[in-house]
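**Student:** When you read off a place in the sequence shown, starting at 1, and then add 70, the result is the number in this note's numbering.
Mixed in with the good hints there might be a few duds.
[To be verified] In silico lysine to aspartate or glutamate, EDC-like type, Cα no more than 20 Å apart, as pairs:
| id | residue 1 | residue 2 |
| --- | --- | --- |
| 1 | 196 | 107 |
| 2 | 206 | 75 |
| 3 | 82 | 190 |
| 4 | 206 | 107 |
| 5 | 82 | 236 |
| 6 | 196 | 75 |
| 7 | 196 | 186 |
| 8 | 82 | 133 |
| 9 | 206 | 236 |
[As the list claims (entries may be wrong)] Between beta-carbon pairs, the in silico distance windows are:
| id | residue 1 | residue 2 | range |
| --- | --- | --- | --- |
| 10 | 182 | 210 | 32 to 42 Å |
| 11 | 220 | 82 | 29 to 39 Å |
| 12 | 221 | 86 | 26 to 36 Å |
| 13 | 242 | 78 | 28 to 38 Å |
| 14 | 144 | 107 | 40 to 50 Å |
| 15 | 254 | 220 | 33 to 43 Å |
| 16 | 207 | 187 | 16 to 26 Å |
| 17 | 259 | 193 | 52 to 62 Å |
| 18 | 219 | 178 | 35 to 45 Å |
| 19 | 82 | 106 | 16 to 26 Å |
| 20 | 243 | 193 | 44 to 54 Å |
| 21 | 227 | 88 | 52 to 62 Å |
Since the hints were made in silico from the structure, they are not lab data.
Bear in mind that the values here come from a model prediction, so they are computed numbers and not experimental data.
Cβ coordinates follow ideal geometry from the N, Cα and C atoms, glycine included.
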Amino acid sequence: MHMIDRIAALQKRMETAGIDLALFGCGPSYQYLTGIDNGWRFRADMVSAPEILLVPAGSTGGEPVVLSRSDSVGDQLHITAGQINPGRIAVGDRPSPGVWEALIAAFPDATLVTGDALVEPIRLIKDADEIAALRKAARLTDEAVRATLPAIREGVTMRELQLEIEMYARRNGAVGTSFDIVAGFVQSGSEPTGSIFSYGADEG
Numbered sequence: 071m072h073m074i075d076r077i078a079a080l081q082k083r084m085e086t087a088g089i090d091l092a093l094f095g096c097g098p099s100y101q102y103l104t105g106i107d108n109g110w111r112f113r114a115d116m117v118s119a120p121e122i123l124l125v126p127a128g129s130t131g132g133e134p135v136v137l138s139r140s141d142s143v144g145d146q147l148h149i150t151a152g153q154i155n156p157g158r159i160a161v162g163d164r165p166s167p168g169v170w171e172a173l174i175a176a177f178p179d180a181t182l183v184t185g186d187a188l189v190e191p192i193r194l195i196k197d198a199d200e201i202a203a204l205r206k207a208a209r210l211t212d213e214a215v216r217a218t219l220p221a222i223r224e225g226v227t228m229r230e231l232q233l234e235i236e237m238y239a240r241r242n243g244a245v246g247t248s249f250d251i252v253a254g255f256v257q258s259g260s261e262p263t264g265s266i267f268s269y270g271a272d273e274g
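With the hints as constraints, model all of the structure from the sequences given.
**Tutor:** Below you can see the structure in the form of structure tokens.
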């Protein structure tokens with residue numbers, strides 16, 4: 071699905087839900103709607119001001135706006151307030167404190183609702199290109215784990231295996247990981263405990 075189509079699908083859901091404006095910051099919904107990886111997996115918004123996506127409902131006649139790190143979120147929100155005066159605003163799950171402050175200052179009387187709940191049903195439906203990308207990622211994951219099997223030997227640590235898997239994947243086209251890689255050891259015959267691992271991350 072093209073980014074324009076994703077935005078259009080979001081605006082359709084916004085109209086149905088009676089939402090006038092949607093705001094997405096450093097999170098997966100931003101990347102899905104724009105195609106831009108803004109470092110949300112690594113909490114880039116904790117280091118510098120995040121990029122922000124503002125999507126007005128289609129009926130307002132406004133255009134989606136991507137605010138760069140150098141733009142003033144507060145100024146842009148006040149401009150938006152003068153254009154559409156939103157009563158209900160959908161907010162992505164990971165706005166920074168500064169974005170929350172600017173949002174509340176610009177729209178003190180607006181009702182705020184979750185934004186990712188609008189995007190998730192759209193993300194559930196995959197087109198041919200998205201399915202192909204998922205299959206490629208699955209193949210690469212299998213290859214990375216298979217290539218790491220010879221490294222499982224006496225003395226190796228869980229952290230070393232985690233790095234082996236990630237480095238193989240990155241050397242062969244992966245741009246990142248969806249979550250922290252897990253390589254766990256459990257001693258044979260261990261009694262069940264609250265931890266799934268019997269070793270420390272750096273214990274061979």
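**Student:** All hints, please: hold or fail.
**Tutor:** Status of the hints after comparison with the structure:
The suggested pairing of residue 196 with residue 107 holds, with an alpha-carbon distance near 19 Å, which does not exceed 20 Å. Taking the CA atoms of residue 206 and residue 75, the gap is near 23 Å; set against the 20 Å cutoff, the hint is violated. Proposed proximity of residue 82 and residue 190 is supported: the alpha carbons are some 14 Å apart, at most 20 Å. A hinted pair counts as satisfied when its Cα atoms are at most 20 Å apart, and residue 206 with residue 107 qualifies at roughly 19 Å.
At most 20 Å may separate the alpha-carbon atoms for a hinted pair to count; residue 82 and residue 236 exceed this at roughly 39 Å. Straight-line distance between C-alpha atoms of residue 196 and residue 75 comes to about 12 Å, which keeps the hinted pair within the 20 Å bound. For the proposed pair residue 196 and residue 186, the alpha carbon gap of about 17 Å is at most 20 Å, so the pair holds. With a C-alpha separation of about 14 Å, the suggested pair residue 82 and residue 133 falls inside the 20 Å cut-off, and the hint holds.
Distance check on the hinted pair: residue 206 and residue 236 sit about 16 Å apart at the alpha-carbon level, within 20 Å; holds. Separation of residue 182 from residue 210 is about 39 Å and conforms to the stated range, judged on CB atoms against 32 to 42 Å. Distance hint for residue 220 and residue 82: a CB-CB separation of about 51 Å, inconsistent with the stated range 29 to 39 Å. A C-beta distance of roughly 52 Å is found between residue 221 and residue 86, which places it outside the suggested range of 26 to 36 Å.
Take residue 242 and residue 78: their Cβ atoms lie about 35 Å apart, and the range 28 to 38 Å holds. The supplied range of 40 to 50 Å is broken by residue 144 and residue 107, whose beta-carbon atoms lie about 25 Å from each other. Checking the proposed 33 to 43 Å range against residue 254 and residue 220 shows it is violated: the Cβ atoms sit about 18 Å from each other. Checking the proposed 16 to 26 Å range against residue 207 and residue 187 shows it holds: the Cβ atoms sit about 25 Å from each other.
Hint check: residue 259 to residue 193, Cβ distance near 43 Å, so the stated range 52 to 62 Å is violated. Between residue 219 and residue 178 the beta carbons are some 58 Å apart, a value that contradicts the proposed interval 35 to 45 Å. The supplied range of 16 to 26 Å is met by residue 82 and residue 106, whose beta-carbon atoms lie about 22 Å from each other. Restraint check, residue 243 to residue 193: a C-beta distance of roughly 22 Å breaks the suggested window 44 to 54 Å.
Hint check: residue 227 to residue 88, Cβ distance near 54 Å, so the stated range 52 to 62 Å holds.
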